[in-house]
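Novice: These protein sequence lines are chains A and B, in that order. Residue 200 in my numbering sits at position 200 of the first sequence, and the numbers go up by one each step. In short: position in the second sequence from 1, add 651, done, that's my numbering.
No wet-lab data here; the hints were simulated from the structure. Some clues are possibly wrong.
[What the hints assert, rightly or not] Okay, derived cross-link-like pairs now, BS3-like style, lysine-lysine, Cα gap no bigger than 27 Å in a straight line: (1) 840/B to 206/A; (2) 873/B to 299/A; (3) 497/A to 426/A; (4) 877/B to 299/A; (5) 719/B to 259/A; (6) 259/A to 840/B; (7) 855/B to 266/A; (8) 98/A to 82/A; (9) 460/A to 840/B.
[Unchecked claim] Below, a sample of chain B positions facing chain A; criterion: calculated Cβ distance under 8 Å: (10) 741; (11) 743; (12) 744; (13) 745; (14) 747; (15) 817; (16) 832; (17) 833; (18) 868; (19) 879; (20) 889; (21) 954; (22) 955; (23) 958; (24) 1077; (25) 1078.
[Said to hold, decoys possible] Sample of chain B residues with no beta-carbon within 10 Å of chain A, all distances over it, derived: (26) 807; (27) 818; (28) 892; (29) 964; (30) 1093.
C-beta: ideal position from N, C-alpha, C; glycine also.
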Amino acid sequence: MLYMRFAILLLGCCAVGAWAQPLNGPWFVKNLYPVLEVANCRTCHVADGVAGPTNLVFPDAEASDAEVEIFGLQLQRWVNAKAPKQSLLINKPTNRLKHSGGMRIAQNSGDEKLLQQWADALSVLSPQEILLLTPPVPKRKVSGTEALRRLTHSEYNNTVRDLLGDASNPAAQFPPEDFINGFKNQIQGQSLSPLLAENYAAAAEKLAAAAVRRQAKELNICKAAGAADVACREKFIAQFGRRAFRRPLEQDQQLRYSKLFAAESKRTNNFSTGVEAVVEAMLQSPNFLFRLERTNNAKWRPYARAAKLSYFFWNTMPDDALLAAAATGALNDEAGIAKTARQMLADPRAHAGLDDFVAQWFRFDRVENQLKDRRLFPTFTRELALAMNEETRRFVHALVWEDRNFMDLVSADYSYLNADLAALYKVPAPEESYGRVQFPAGTMRAGVLTHASVLVQTSKPVETSPTARGLFVREQLLCQHVPQPPPGVNTNLPEVKQERPMTNKQRLSEHLTNESCASCHKLIDPIGFGLEQFDAVGAFQAKFIAHVSEGKPGSGKEIKRDIELPIEINGQVAGLRNSEFDNPKQLGKLLAESAACRSCVVKKVFRYYAGRMESSADQSVIDHTLDAFARSQFKFKELMIALVTRSESPK
Amino acid sequence: MSNVWTKPTAISRRRFLSGTTLAGSAVHIGLPPLAAMFTANGTAWAAAQAPVETRFVLWFNGNGIVEKYWIPTETGKGYQMTPCLDPLASFRQDMHVITGLDNPAARMVGPGNDHHRSMSALMTGTQFTGRGAGGPSIDQAIAQKFGGSSRFRSLQIGVSQESFGESIQRNMSWAAYDRPLPPEMLPHKLFDRLFGAREQAWVKRKHSVLDAVREDLAGLRKDLGKEDLGKVDEHLASIRDVERAIEGLPANYRKVDAPDYDGDMKDWPRIARLQSDLLAHAFASRQTRVASYMLTKCQGLSRFPWLGYTHGRHHDYTHGDAPANNPAKLAGQRTMRDICRWHVEEFAYLCNKLRSIPEGEKTVFDNTCLVFVHEHAEANDHKNNGMAAIVAGGANARMVRGVHSKMTGTVADLYLTVADDVLGAGIEAFPTASRKLSGLMG
């Protein structure tokens, strides 16, 4: 009905010549939307995209036709009702009006004509008419309905350590985990391949055998009178099972494991082989390998909550006290959850828990695996790389546990260094290794932005990469997604020649003059330019050193020369307010005070905590958390507590 | 099956790693003594009873090639070996060099960089999802048809361990949309999976343990929403694969010594040879019919000290920018030539290994079809048309060999032809395949 009305409305205007083809929602879905998809608008115009601040947010790839229709109607916001030809909807994508994304739709093309048709059609509709034409919002599978989370490798290692007293880190040999959404604990990436199942099976067998051999105290639940001691067997299964599954066993589970235990202990006439078989089986059980985000089983809910808190704060299984709290109902209301969360944060295990988050956020793995040119950077060793990570780890710990303003993260003029790092940074070494170092005035260091760990992982073996550094800021500190280069572009930078020595900034200016590159690179590179005074290993460099060579390479006559050039360290974070800066300290301050960076801290914690990206359904939790974070003067502990309390409180 | 192994001749890990032959003289590479692979009358394991099986290997090398050093100028029988192909000279009559193939799914608009897109397209004919490949890879499509009766439905083997990279770059085999099958990179672990000795009592016990796990899964299933059932079913399927692997173990295997592993896990040429040896023996002992082999990673960042190249990384050389600001792109290209030649050398090693194992009247190589691919044609350009591939082995006497052909078609067309016409797997369709490549079959 409504579409008929739409057609009738169009009839009224009829300048478009819409007779042949009624311009309605389905028309948009069928004709114009595919054009916009090919033009790749969506890569930038999404909530966390670089064009997010324009508020033009495209539906995601899985959107239904109805959602696309709604989006098509909402485009009216970018239509000039009085002069449709002047609409942003037409003039931005065609770059008739300067568009950060460049010309995505060719001027005077058939595609532009479709845009014009749609702008004309929308221009005559009143808000009420738009409302009438809007189809009902279809029910959507909300992301985050998945309830199963597999233990990550580090959770697995810590869990078997606490469950069995086994510190052998068996998961170090499992197939490596992938970073998805910036973390290794994301539900989306948690497949269970046959190889991983085999690894779990082999690890379970080894762990169980070793625990029985050692007579681990964790298995010593009762003294068996013989292989067939039923009372001791049942007690063992119930008590060990409760710790392994992080909740009491159901009756059928108890029965199942009793059967296994009985068969094994009978076969060998040995109580402990029963123990071994049960431990081995439980370590492969989905009840051990997976935890439940939510469950229909009301009995399990407090236990699922206990496990969630435990893996978030401690990166390991709940201890007896926490399981007891679940059992007594201490986790059934907001106050109880908040109280428990505070107690957990006061426990030393919370430090290890924070380590796991920090190591992934700041990609310590990348630093550890960096390789630098040995001739240019002879002091860059694995030991130094580990020290770089340690600096960042200590720094974040200080921010969190000393209740500092967490936004110092990107602006602090102090850090925690050992002697090697102090030498690299050319500052006096602290008395104690990794003691606090206040940077002398005039030092251009600003929080993690200038930590060697970040600078090293955003550099190549020889030279820095302003692009990688800009991307790091966008992705890790602003939570923005920057699209990859389009297919088939030549990503080579101009060569540096003796007669034409260039700084990185000059070489990268290619990115900014070439239309197809500039749309993204002007959002990225100018951030990185601010950090150009820090070389590929994070040391300060007053001058840029261009390495050039003369003569034919390999001819034996090749002469390598270094040419010094001045460095400019001003830049811009396009999209932020007052986003121009003159040096890294200003860049840090700008970020620390920006809403985007503050909410990014919350989003990072959310993603790690929830094991997924935030969705629109999570907005209230995120807003609430951000609000609590800001009200506490940016205390990270308050962020964590607000997040878990709001997310876990029974609705 | 169980009476084939007349004497307990399981290969111990110690012997495997010690690198000594039965006679005690030192050899360069440690490998299981071949004698263990044969029955008392000298034929390959199990060959006496079962009809000869054909096998499939999908071999992958990261990054692309430098076409002028790789692709022969001439087509047909009389083509000149190129610097990169030269290590395969002795297999000239046993292989078909195919160039000109398109990889169209790599150009579909979507997330990821060129490498991500090419890799997903190359292995599965589908678009990169943003996290992984969009469907099952060709080795898995074939394993669906071939894997039924083997101990391992398929094997995934890898060599170059790098911590860099995302799922799509580290995995070449995909079970389904976003479901990677990671390769086993550690020779001692692969050895354990294939030849670890087990006792009958152990096998029995393992089954009881897994029964409990399976029942737990069924129990959990009841409490879950449908979003999670996929995960439970995946776990269940994986448990079933673990059970099969147990089932297939010869009953009279001896217990193997505890791990004795001190290998240098960066010594990739050595690892490649150990992995190739193990794969050859896995085929010979009928443990699987399908394998994927990832020598270097997609968009790989390996260094190549054994080739004398340490200042840059694999991907850096493809774009000629190693060392930084090197005025001569040529240097990078020459390095790439040597890297690609090494890829082919290792492939030739596997071919040789397969040929060294007799099977019936012929050799294992004669009953295998190997397909060799890279993620790009010209590496610097991220080119995803005009791709080069090698199809080797004697799995089907009708397959045309001894020539270089420039063909019109897609990589998936090649896969479809190999799967159905060479191997007879009957997969019938594969994404981006629209027809068979007529030039491959005589």
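Novice: Please name the hints from earlier in the document that this structure breaks, with their numbers sorted from lowest to highest.
Specialist: The structure conflicts with hints 3, 5, 6, 9, 10, 11, 12, 13, 14, 22, 23, 24, 25, 26, 27, 28 and 29, although it agrees with all the remaining ones.
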